[in-house]
Every structure is written in C-alpha cells, then in structure tokens.
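Under mature numbering (1 follows the signal peptide of the UniProt record, and there is no 0), the letters of the sequence shown match residues -26 to -1, 1 to 243, in that order.
By construction, these hints were calculated from the structure, which means they are not laboratory data. A virtual CB, placed ideally from N, CA and C, is assigned to each residue, including glycine. Incorrect hints may have been included.
[What the hints assert, rightly or not] Here are the computed distance ranges between Cβ atoms for each label pair:
hint, residue 1, residue 2, range
1, 39, 125, 42 to 50 Å
2, 165, 119, 15 to 23 Å
3, 67, 39, 18 to 26 Å
4, 114, 235, 37 to 45 Å
[What the hints assert, rightly or not] Derived lysine-lysine pairs resembling BS3-like cross-links, with alpha carbons at most 27 Å apart:
hint, residue 1, residue 2
5, 142, 22
6, 133, 182
7, 13, 67
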Amino acid sequence: MKKRRFWVPALFSVAVLLLSSCGSNETNGNGDKRNSTAKGSPILEDGKFIFAASGEFHPFSYMDGNQMSGFDIDVGNAISDKLGLEPVQKKYKFAGIVEGVKSGKFDAAVASHTINEERKKHVLFSKPYYYSGPQIFTRPEADIQSADDLKAKEIAVSKGSSYADIAKEHSGQEPKYYDSDVVALEALANGKHDAVVTDFVTGAEAMKKKLKIEPQKRLGQSEQAIAVSKENEQLIEEINDAIDALRKDGTLRQISEKYFNEDITVKQD
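Use the sequences and the hints to build the structure in full.
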C-alpha cells in the first residue's frame, strides 16, 4: 500500500510534465521559451505573423481609417492564413523597415522591397510575389524623355528606395528624398524637382488621381519580395511555400486584379 501511494502521485507528476512540453512554445539551449509556427519556424509571438509595411505607398499599403489596407497588406494576410497564423500589421517608415526586420522588430516585411545586393547583405528574401520596375515621371512640359536627359537634373525618390542609385547614376548628383513615392510625385506635380524615379505601377496609380505628371522611359524590371531575418531560413522556406500555393490557387492574381485590374504577380516578357 505504501508503494502504491508513492507511485500514483509520481506518475501524475510525470504526466503533467509531458503535457506541459506539448505546444508551439519551444525551449532553446538557455532554457528560454521560443515561439514557432506549426512547422517549427521561429516567430515573435505565438500564433501570430507580424509583418511591416509603410502605410504610405498607395495602393500597396495605405491607411484606411486606423488600419492599413492595400495590395501588400492583402498578400501579407493571405500568407498568414497559409502559415496558419493570425496576421498582425505594423506600420513603419519605409526607410527603417529592413533594419527593423534585421533587429527582430517584425517577423517579416511585406512592403514592396526590390531584391538587390545591398539589401541581401542584411535580410533574406523570398521568391518574388510581384514584378515591377523603375520608370521616369515628369511634368507634361518637361524636356526629359530618357535616362540620358536626367543628367544634372534634380530627381526625387522615396527614402530607402533602391531607385536612389539609379537616380544618382543618371543625374550625377544626390537625389531629393521624400517619405514616400506618392509624396514625391505630388511634389513633382506641384512644380518641385525635375523628375521622379519610382516603379511604374505607383506612377500609373498617381496618374489615375489626376496628378499632372507624365510617364517617360522605363529603366528596367525589378522583383519585389518579402524580407525576413537572415537567421530565419526556415521561415523564408515556409513563406516561399505559401507564395507558391497562393500563386497556384489564383489568390495572388485575384489580389492583383483587385487593385490594378491586371496581374503584376507574373513576370512580363
């Protein structure tokens, strides 16, 4: 009888320990709890996919009341669903988003980042989820039509934009920086600076709002992707799988057509 009284509570304690070890909170070698996806990728908060966007890049991300909306936001929400996680959007200045991903402020950035070598030094990129490319925009009366005409001109770009290098290369001087491409285009229409280099989709959307600007020559094609910490290769693999699934089931195309009336999620010839 004494042995039976000893083993019952002992077995109960073992059962409690086994049950407490189940779930999505893992423990690292230091004994600290680590949140993870169902497949084991590290995330900041249990059950949530926290992603950043600027909220200043219509129609990709913009404020709709107190919440962000837009193409990037819908893509981020759809990826969250494929990961089995609750989407949590974080509004953050575009120029600081890559550093925010790098330092662990967010799980990812779904913010129309162009893949380039400089950014790849700091973050991991997913497969492209849409394709764009830089284009010159001017006022209608401007004498600028091609990249050669940008020499010694004042060109505006968004802070943190990969197009700053293009502007410097062709103008031979430092560009003028704005908080967003939309603000730069509005300033252009109001007589400030000579041109804006931004992606052709953003410029086309600005023209729909009757801004007095004109498109000039396109300067190439770019790939836009989701960024995560370089230490989280497992999460980028899950995100790539999610992008593949969203492309296969037509969700990416549907989101694109909702905002642009065309599919920018496939590479153009």
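We went through each hint and held it up to the structure:
no.	hint	verdict
1	39 x 125: 42 to 50 Å	holds (44 Å)
2	165 x 119: 15 to 23 Å	holds (19 Å)
3	67 x 39: 18 to 26 Å	holds (20 Å)
4	114 x 235: 37 to 45 Å	violated (24 Å)
5	142 x 22	violated (40 Å)
6	133 x 182	holds (23 Å)
7	13 x 67	violated (31 Å)
Violated hints for the displayed structure, listed by number in ascending order: 4, 5, 7.
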